[in-house]
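Protein sequences, first through last, are from chains A and B. Counting from 1, position 255 in the first sequence corresponds to residue 258 in the working numbering; the numbering is continuous, with no gaps. Counting from 1, position 50 in the second sequence corresponds to residue 174 in the working numbering; the numbering is continuous, with no gaps.
Please keep in mind that the hints were generated in silico from the structure rather than gathered at the bench. One or more hints might be untrue.
What the hints assert, rightly or not - Quick list of in silico lysine to aspartate or glutamate cross-link-like pairs, DMTMM-like style, CA-CA up to 20 Å:
hint	chain 1	residue 1	chain 2	residue 2
1	A	Lys-358	B	Glu-252
2	B	Lys-136	A	Glu-347
3	B	Lys-136	A	Asp-326
Claimed, not checked - To give an idea of the interface, some chain B residues facing chain A are shown, with a C-beta separation under 8 Å as derived from the structure:
hint	residue
4	Arg-152
5	Ser-188
6	Gly-196
7	Pro-198
8	Asp-202
9	Phe-203
10	Ser-242
Unchecked claim - Derived coverage of chain A by chain B (criterion: at least 3 residues anywhere in the stretch with Cβ under 8 Å from a Cβ of chain B; other residues may be distant):
hint	region
11	71–81
12	85–99
13	123–134
14	169–180
15	189–202
Backbone N, C-alpha and C fix where the C-beta goes; we use that ideal spot for every residue, glycine too.
Residues per chain, in single letters:
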Amino acid sequence: MPHLAIERWAKSADCPPDSPAVLTVEGTHGLLIHAVTKAAAERGAHPGARLTDARALDPSLIAVQADPEGDSALVQRLSKWAGRWSPLVEVDGDGLRLDVTGVAHLFGGEQGLVRDTHRRFAQMGLTSRVSIAPTAAAAWALSHHAPCICGPDVAAPIAPLHVSALRLDSDTVRTLERLGLKTIGALIGLPRLALARRFRGGEDVVDALDRALGRKAEPLTAEPADQPPRVLLKLEEPAMHPEAPAQALERLIPRLACELEGRRLGARRLMFSGYRVDGSVAVAAVATAIPSREPNHLRRLLGDKAAALDPEFGFDAFALTADWTEELGAAQESLVEEPSGERELARLVDRLTVKLGSSAVRRPQPEESHLPERASGWVSALAKTEPILLPPMQRPQRLLDRPEAIDVIYATPEGMPRRFMWRRSVHDIARVEGPERIAPEWWRQPSSTRLRDYYRVEDSAGRRYWIYREGLIGDGRGGAPNWFIHGLFG
Amino acid sequence: MGFLLAQAGAEKPLLWVQDRMAILESGRIHPPGLPTQNLIHVEARDAKDALWTMEEGVRCSCLSAVIGELWGDPRTLDFTATRRLAVASERSGTPCWLVRLAGNANLSGARMRWRIASAPSLVNPLDERAPGSPAWDAELFRARGMPPGRWAVAHEAGRFHLVAASGDRTLGEERRLSA
């Protein structure tokens, strides 16, 4: 995308197409021109020149600060969007690099792929230069200097290109130019040994040449280790009606289930993405408690979320990816059609988690702690829990999330409570047992934390509470102790 | 609460649903104080979500029981909602209890409706000033196919038994059971 920066700016600033505008960046000696509009280029401004020089040629230039971060963010977004053509996309400077091996026939051959790419970028108001070449370096060189589709022989099309197309640093390029080696073809003709000896330090010319000619592998770094199961649905025309995602899901889920079954995998996380015409991607994701590839279950999980995707200007493609999978062999549940308890439970947990959120559906995970609020830990029900044996203590069945302060009449300094007031009602204590002293965990709490004396009390109506006094008189950690109610016995 | 747990099986997990108001007012369940750790706790935003969760749970035969706690008199908890729960519970065989905290005994499709209040505990044999085994005053005020009645129940050494009824007492909290 040669004019990404200026086109992005022109789009956001809504300026007329023939205005002479330039984007500038800070250089060592004042402002440098980063990108120019067509009108500005006609008036003598060109990227890399100093703004003052360009202004001298034409004082009417409009100079705007460039936004490289915004540009790279756009490239990142476009790289996600370019997943429509190929699953392997890598951001490469101001361009995108796609591995289109075995993909082109889906778009009517390489010509069709290039046309499609041009058209879609043009729809977004971006100029694109596309090349297809057997090696990544050659594709870069061609797309920057002479866009074309290159056959299996790389050397011929890149031979007439200038040596800078090999992405060497400027010093090396200058040295090569001084030596009269202006094109890549001239470099190819030289003996490798001499070339390697001459350019030993810094940028390795032989290396760059090998990468361009395919003698040395240059893998895409974005390549994931194993391709997650993914099914794609392309639409003839953008679908704007709200049922479109749900209908697409209906068609994609059986296909994904087939693919999962073929690979003996079960999905733990599913991602349903809708590719919009304006280049954005809407995503709905769900996780499951145990690996699953049952279409009905997956449909039930994703249905609501998929239906909530906003088409905005319309979707033109949908993809369903199982981006986290686990081994799942073919299994028959039982001879009679009765689902097993564990699987049934996992499905229930999935449904609840999808609707209510994973923080609302939880299992107890006890912690080794004497503090009651720490001892009763909770983890998401999707996670595995490990049983820990707790010491058999009389604990209430209910615990308030935050202990509530109460007013207590008690025999000072360390006597039994007699009466307390909680939530504006007075409770006379009929029976009491205690104290059970729980000391603060000094290894993780500040030294000013006070100990707690817990009492089990029963009021005159038989309701039983768990209250505690925080601190002692004269323990040097504050004034008179406060009382709190922490739990209720059921 | 112990009253309910004694009636649930232990080998399958228990689904315990509390709405946010119930958690704020009467506390979140505390597993170390419960006889079983094998449970799934759901914190529902409101009564509507809680009822939906209960219904999902009741339909599933992999649970030993479903317990739902609702605070007050939510509008969504009407006759239809309770009847749906009761029918689903009978179909799947999963017991379901709806615990109403601070609510009124309005129309309900539940098969059994109890009103339960705490009662002074039994005498502690080790220390007579300390609370002893918990006791409740349980009133079955509506049930299908059986006469209503009122019992004093105590939980001692892991089992329930009836104790001699002892006079009238004010009703502290009211609970209603379905299924």
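Each hint tested on the structure:
1. For the hint linking Lys-358 (chain A) to Glu-252 (chain B), the alpha-carbon distance of about 50 Å lies beyond 20 Å, and the restraint is violated.
2. Of the pairs offered as hints, the one joining Lys-136 (chain B) and Glu-347 (chain A) holds, with about 12 Å between alpha carbons and a cut-off of 20 Å not exceeded.
3. At roughly 32 Å between alpha-carbon atoms, Lys-136 (chain B) and Asp-326 (chain A) are farther apart than 20 Å, so this suggested pair is violated.
4. Residue-level restraint check for Arg-152 (chain B) holds (minimum Cβ-Cβ distance to chain A is 6 Å; threshold 8 Å).
5. Using the Cβ-Cβ criterion of 8 Å, the hint placing Ser-188 (chain B) at the interface with chain A is not satisfied: the shortest such distance is roughly 10 Å.
6. Evaluation of the Gly-196 (chain B) hint against chain A yields a violated restraint, the C-beta minimum of about 15 Å exceeding 8 Å.
7. Hint status for Pro-198 (chain B) relative to chain A: violated, with the closest Cβ pair at about 17 Å, above 8 Å.
8. For Asp-202 (chain B), the interface hint is violated, since its Cβ never comes within 8 Å of a Cβ in chain A; the closest pair sits about 21 Å apart.
9. With its C-beta approaching chain A no nearer than about 24 Å, Phe-203 (chain B) sits outside the 8 Å limit, and its interface hint is violated.
10. The criterion of a C-beta within 8 Å of any C-beta in chain A is met by Ser-242 (chain B), whose closest approach is roughly 4 Å, and the hint holds.
11. For the region 71–81 of chain A, the proposed coverage by chain B is not satisfied: 0 residues have a C-beta within less than 8 Å of a C-beta in that chain, short of the threshold of three.
12. Note: the region 85–99 of chain A has 0 residues with beta-carbon separation from chain B under 8 Å; the three-residue rule is not met and the coverage is violated.
13. Proximity of the region 123–134 of chain A to chain B, defined as three or more residues with a beta carbon under 8 Å from a beta carbon of that chain, is not established by the 0 residues found.
14. Evaluation of the coverage hint for the region 169–180 of chain A: breached, as 0 residues show C-beta separations to chain B shorter than 8 Å, against a requirement of three.
15. For a cut-off of 8 Å, the count of residues in the region 189–202 of chain A with a CB near a CB of chain B stands at 0, and the three-residue condition is violated.
Violation of the numbered hints given earlier is confined to hints 1, 3, 5, 6, 7, 8, 9, 11, 12, 13, 14 and 15; the remaining hints are satisfied by the structure.
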